[in-house]
Amino acid sequence: MKFRFYSYAITAVAVAVSCLAPMRVGAQNRSNASAAAAAIKAAAAKPTPRAADGHPDLNGYWIYPEFDKSAHLDSAGNFYIDVPPDKGGTVPKLDASLSEQLQHQVDPNPPPYKPEALAKVKQLASDGVHTDPAFRCRPLGVPRAGAPRQIVQTPKLSLILYQIDAGDGDQPGSYRLVPTDGRPHRTDVDPSYFGDSIGHWEGDTLVVDVTHFNDDTWLAAIPGQGGSGYFHTDALHVVERLTRIGDTLRWEATVEDPNVLSKPWKMTPQTEVLTHDMIYEQPICEERETPHIVNQY
Amino acid sequence: MRHTFYGVLLGGFALLLTAIPVLAHHSIAAEFDTRDTVTLTGVFTKIDWINPHIYFYFDARDDSGNVTKWAMESYPTGFFHRAGITRDLFKIGDTVTVVLYRPKDGTRNMGYLKEMTLPSGRKIEFDNGRPPSR
Chain A
767 MKFRFYSYAI TAVAVAVSCL APMRVGAQNR SNASAAAAAI KAAAAKPTPR
817 AADGHPDLNG YWIYPEFDKS AHLDSAGNFY IDVPPDKGGT VPKLDASLSE
867 QLQHQVDPNP PPYKPEALAK VKQLASDGVH TDPAFRCRPL GVPRAGAPRQ
917 IVQTPKLSLI LYQIDAGDGD QPGSYRLVPT DGRPHRTDVD PSYFGDSIGH
967 WEGDTLVVDV THFNDDTWLA AIPGQGGSGY FHTDALHVVE RLTRIGDTLR
1017 WEATVEDPNV LSKPWKMTPQ TEVLTHDMIY EQPICEERET PHIVNQY
Chain B
5 MRHTFYGVLL GGFALLLTAI PVLAHHSIAA EFDTRDTVTL TGVFTKIDWI
55 NPHIYFYFDA RDDSGNVTKW AMESYPTGFF HRAGITRDLF KIGDTVTVVL
105 YRPKDGTRNM GYLKEMTLPS GRKIEFDNGR PPSR
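Just so you know, the sequences run in chain order A and B. Okay, so the first sequence: first residue is 767 according to the working numbering, each after it adds one. Okay, so the second sequence: first residue is 5 according to the working numbering, each after it adds one.
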């Protein structure tokens, strides 16, 4: 075995660098947050266009205003791609205190689970590699998929398209049809990841009522980390509210599951901004790593 | 050609905005030892452009000409997409040099992509906190 390979002992350098990492990450998040807030403010100040039927025009490709540059080219054309710590970025991951921090990050707005359901949430969260449906490439479903990525709106039917673009559960062709013609929920189909949606307008807000879910999704991830353990049952009922203000789209969702939640959970609203991009077909998601997973972090 | 690449990269920057901070697959450290790297030169034999991890397969050749088959796990396609890199940049038969993290479970001839040098000499590096240029 005379491969041209060398193992480096980079531990000392890595540890030295990682001491600086938490400070850098924190500063970066703050500047991104203020840039995002400024972008939302500018987009919201624009006029709100309306469709021919008088309702706000929700058509378009909507995205979160993040400004962290994940890649750059140097003068020789080389790519440098940064990996955020919650995606397994290497430098902060070598820093025990930051790892610790990420593992125990507190969700500022957790679902109000009944006491008897909390033990299961904790158990699932402690072994997300094996328990998180998204890790097994299951569709994220509603409400974990969050705000729409693209909307195609017609007077009696709207189409909501998703593009997660980050890997997990990111199957090509995730979409929902939302009739707004007054029809009731259908019950002649199987329970599903994205459920059965019907919509109606309340003033300038499109309200989407979603039922008929399977129980193979989690409600959300804790911001900045993957495994939340936020399971639900097939009694899940989600009401989303979509409001266009200028060139921004605000997504709110209220989640009910009387089997495991003690009261409705109002999720943290998300605001996206309009761009000229379009959905493209994603590569498939096919999990192959689980047999090689050694530990959680 | 370079203009094309910069154009693509600028497009990539625009698409950075598509990132959604709701997901994280397992960390690299759950599967690989980020302090144990191996550098190899080999020829691509198969590329699976899939999520949540792209897989590259290549035949590594040592100084004596012996060939060993390797599998290389990498980031989700979205990471490459947002950097302006598409599947088209990689061709079966290309000779590349890669730096890989070794798996913690002892699996041989497998690793996680840290760096890749393409036949053109251009490099792709994944890491945190890299300087913008150097």
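Any given hint could turn out to be false.
Claimed, not checked - The calculated BS3-like cross-link candidates involving lysine-lysine, where the alpha carbons are at most 30 Å apart (straight line), are:
1. Lys108(B) <-> Lys888(A)
2. Lys108(B) <-> Lys886(A)
3. Lys1029(A) <-> Lys812(A)
No lab work stands behind these hints, which were simulated from the structure alone.
> Quick check: which numbered hints come out false for this structure?
Replying inline: Violated: hint 3 alone.
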